[in-house]
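There are 2 protein chains.
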Amino acid sequence: MKDVTLGIDIGGTNTVFGIVDAKGNIIFSDSIPTLGMEPAEDLFERLFEAFNDKFKQYSDEYKLVGIGMGAPDANYYTGAIQNPPNLNWGYVDVASAMKKHYNLPFALTNDANAAAIGEMEFGSARGMKNFVEVTLGTGLGSGIVVNGKMLYGHSGTAGEMGHITIVPDGRKCGCGKKGCLETYVSATGIKRTAFELLATSREESILRDISYNNLTAKQIYEAAKKRDKIAMSAFKYTGRLLGEALADVVALLSPEAIVIFGGLAQAGDVLFEPTRKSMENNLLQFHKGKIKLIKSGLPESDAAILGASALIWQEIRNKSN
Amino acid sequence: MKDVTLGIDIGGTNTVFGIVDAKGNIIFSDSIPTLGMEPAEDLFERLFEAFNDKFKQYSDEYKLVGIGMGAPDANYYTGAIQNPPNLNWGYVDVASAMKKHYNLPFALTNDANAAAIGEMEFGSARGMKNFVEVTLGTGLGSGIVVNGKMLYGHSGTAGEMGHITIVPDGRKCGCGKKGCLETYVSATGIKRTAFELLATSREESILRDISYNNLTAKQIYEAAKKRDKIAMSAFKYTGRLLGEALADVVALLSPEAIVIFGGLAQAGDVLFEPTRKSMENNLLQFHKGKIKLIKSGLPESDAAILGASALIWQEIRNKSN
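Protein chains in written order, with the numbering used here: chain E, 12 to 332; chain D, 12 to 332.
No lab work stands behind these hints, which were simulated from the structure alone. No residue lacks a Cβ here, since even glycine has one placed at the ideal position from N, Cα and C. Among these hints, one or two may not hold up.
[What the hints assert, rightly or not] With a Cα cut of at most 30 Å, we get these calculated BS3-like pairs of lysine-lysine: (1) E/Lys183 to D/Lys288; (2) E/Lys160 to D/Lys330; (3) E/Lys13 to E/Lys247; (4) D/Lys306 to E/Lys183; (5) E/Lys160 to D/Lys160; (6) D/Lys301 to E/Lys160; (7) E/Lys202 to D/Lys189; (8) D/Lys288 to E/Lys288; (9) E/Lys183 to D/Lys160; (10) D/Lys303 to D/Lys160; (11) E/Lys303 to D/Lys303; (12) E/Lys247 to D/Lys189; (13) E/Lys299 to D/Lys288; (14) D/Lys189 to E/Lys189; (15) E/Lys189 to D/Lys299; (16) E/Lys189 to D/Lys330; (17) E/Lys189 to D/Lys301; (18) E/Lys288 to D/Lys202; (19) D/Lys160 to E/Lys299; (20) D/Lys183 to E/Lys189; (21) E/Lys183 to D/Lys301; (22) D/Lys247 to E/Lys140; (23) D/Lys306 to D/Lys189; (24) E/Lys301 to D/Lys189; (25) E/Lys301 to E/Lys288; (26) E/Lys303 to D/Lys183; (27) D/Lys202 to E/Lys160; (28) D/Lys202 to E/Lys189; (29) E/Lys301 to D/Lys247; (30) E/Lys110 to E/Lys330; (31) D/Lys160 to E/Lys330; (32) E/Lys183 to D/Lys299; (33) D/Lys189 to E/Lys183; (34) E/Lys330 to E/Lys288; (35) E/Lys183 to D/Lys183; (36) E/Lys189 to D/Lys306; (37) E/Lys247 to D/Lys330.
[As the list claims (entries may be wrong)] Derived DEER-like restraints, expressed as beta-carbon distance ranges: (38) E/Ala106 to D/Asn99: 55 to 63 Å; (39) E/Lys34 to D/Ser107: 40 to 48 Å; (40) E/Ile38 to D/Leu115: 53 to 61 Å.
Please model the entire structure based on the sequences and the hints provided.
Dropping the structure here:
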């Protein structure tokens, strides 16, 4: 029998899960709707029903040794999810809820941290002891790894790079502050930038025919590929601010690499080049040319499962050491 | 025989050293001129001559078990000092140089890191696993402690909080960048702020009679105590920017506390109040009211020796575990 772990990622819309071996091979994966307006326990019931049903056919070959979970507003220390904005759950003690289904080692962390751990186990950060994972989605998340370990901090909430101030008195953020990095550097951020540019410049643009609510970061990327000037400027500005923020993070943490994950990272050079240039310009002399800026090595569709699974693989390994 | 360590701090002008027991009691201390224009080996010769001479009378009672050193531009990983700006040394392999004098456990780090370690062993951060030490001197240094360990990062140069950008395109910094935190928050920074205020405001001030070269941060503090408006505004502005920067640091690291060390910290509430207020205003909701902002618990005159000594006490303890 081969040891495997169950990786679960709770998203606002869907919850994905999969069985992963110690090398990061996904044996099977599936997803169910999260239905965040229903109680969390309902989700866990449906989840394990779906999982058990599927795992039956594998149970001769594989032995489940642990469960890892990535979720919004999850706290590694408490094993709880606290007031996730898109789920009507309040406070959920997930660690205890899990025990009712499987009495196995369990660990929980937020999505960005799970991505960082997945990167360290199975992705671009293999073998690295000090790096920062930046996840670019609707918002900007980050996971900081120090001495080969996830940095959780005193309260378990470290890594909120999306909420460092990049533009004093800048754009309003969902967190209540102004000028947070994620209001500029994220799928939503680049959309806001594109709209600002449509307003301030007189440049023709494909984007002038799309409403704010209809515009996606992907459309901005497609436009940039067609050398649409507004779209290209939006990526340049996004990269410039991301590079500035990364230089500050490097000054504080001296990582070996910055790994960029998520939808916007797929834009490749159109984002990476201005980011790298701006980061280099703002690095301290002794860091210049030495900090790797790399793309995630995790396949985007499986990253959430791999991250959650990597989390519990690490726990199991650390305990056996 | 009681175990003691030798703590050494190399400063631009003087090198201080002292014998410290495991509880942070200084048995004796002394200082010699650094003479940074002479080779480093000359300093080490003079240092150990002075030390041996003094230690003779204690050698029946105390056993030297290790040597710790704080120095500018020191790298913990390499045990070397690299191109310190005020010392004409270039690259000095201090760890090897030490072996010629005493074949004992030796560790080296920069001044701010040594202060953080001293704080953790003997000062305000005793028992804390996650905190940030901010040292306010001519510049701004910082030492970050994560999970009870100093954060050195990949290259050994983590903790350069003085060089995060706080004002985009702001004041010129010695590092070549613009708007670095230490150009605003440090003894030099507050002096620059006072001069800016003298220029922009029409307020009467004691400071109008002092030249830039003659003005000290202490004079600004004395003036603020006498309710000089320019001086008070200078402290308010310094605190505001420090608080903004600390909120970013808290978002990234989620520390239990920020410990402020150094000359400016002696100003007390006149600096701490605006700093605390600004930090609180800029913290994420779940951090508000939870991050301690405290003054160093190390006596300033002995802090350098205590920090250097604490560094090697930690090393010895970690090795025996």
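Here's how the hints hold up against the structure:
no.: 1; hint: E/Lys183 to D/Lys288; result: holds (20 Å)
no.: 2; hint: E/Lys160 to D/Lys330; result: holds (20 Å)
no.: 3; hint: E/Lys13 to E/Lys247; result: violated (48 Å)
no.: 4; hint: D/Lys306 to E/Lys183; result: violated (33 Å)
no.: 5; hint: E/Lys160 to D/Lys160; result: holds (12 Å)
no.: 6; hint: D/Lys301 to E/Lys160; result: holds (24 Å)
no.: 7; hint: E/Lys202 to D/Lys189; result: holds (29 Å)
no.: 8; hint: D/Lys288 to E/Lys288; result: violated (35 Å)
no.: 9; hint: E/Lys183 to D/Lys160; result: violated (36 Å)
no.: 10; hint: D/Lys303 to D/Lys160; result: holds (19 Å)
no.: 11; hint: E/Lys303 to D/Lys303; result: violated (34 Å)
no.: 12; hint: E/Lys247 to D/Lys189; result: holds (21 Å)
no.: 13; hint: E/Lys299 to D/Lys288; result: violated (35 Å)
no.: 14; hint: D/Lys189 to E/Lys189; result: holds (22 Å)
no.: 15; hint: E/Lys189 to D/Lys299; result: holds (16 Å)
no.: 16; hint: E/Lys189 to D/Lys330; result: violated (47 Å)
no.: 17; hint: E/Lys189 to D/Lys301; result: holds (21 Å)
no.: 18; hint: E/Lys288 to D/Lys202; result: violated (33 Å)
no.: 19; hint: D/Lys160 to E/Lys299; result: holds (26 Å)
no.: 20; hint: D/Lys183 to E/Lys189; result: holds (25 Å)
no.: 21; hint: E/Lys183 to D/Lys301; result: holds (24 Å)
no.: 22; hint: D/Lys247 to E/Lys140; result: violated (40 Å)
no.: 23; hint: D/Lys306 to D/Lys189; result: holds (28 Å)
no.: 24; hint: E/Lys301 to D/Lys189; result: holds (21 Å)
no.: 25; hint: E/Lys301 to E/Lys288; result: holds (13 Å)
no.: 26; hint: E/Lys303 to D/Lys183; result: holds (27 Å)
no.: 27; hint: D/Lys202 to E/Lys160; result: violated (41 Å)
no.: 28; hint: D/Lys202 to E/Lys189; result: holds (29 Å)
no.: 29; hint: E/Lys301 to D/Lys247; result: violated (37 Å)
no.: 30; hint: E/Lys110 to E/Lys330; result: holds (19 Å)
no.: 31; hint: D/Lys160 to E/Lys330; result: holds (20 Å)
no.: 32; hint: E/Lys183 to D/Lys299; result: holds (19 Å)
no.: 33; hint: D/Lys189 to E/Lys183; result: holds (25 Å)
no.: 34; hint: E/Lys330 to E/Lys288; result: violated (42 Å)
no.: 35; hint: E/Lys183 to D/Lys183; result: holds (29 Å)
no.: 36; hint: E/Lys189 to D/Lys306; result: holds (29 Å)
no.: 37; hint: E/Lys247 to D/Lys330; result: violated (49 Å)
no.: 38; hint: E/Ala106 to D/Asn99: 55 to 63 Å; result: holds (58 Å)
no.: 39; hint: E/Lys34 to D/Ser107: 40 to 48 Å; result: holds (42 Å)
no.: 40; hint: E/Ile38 to D/Leu115: 53 to 61 Å; result: holds (54 Å)
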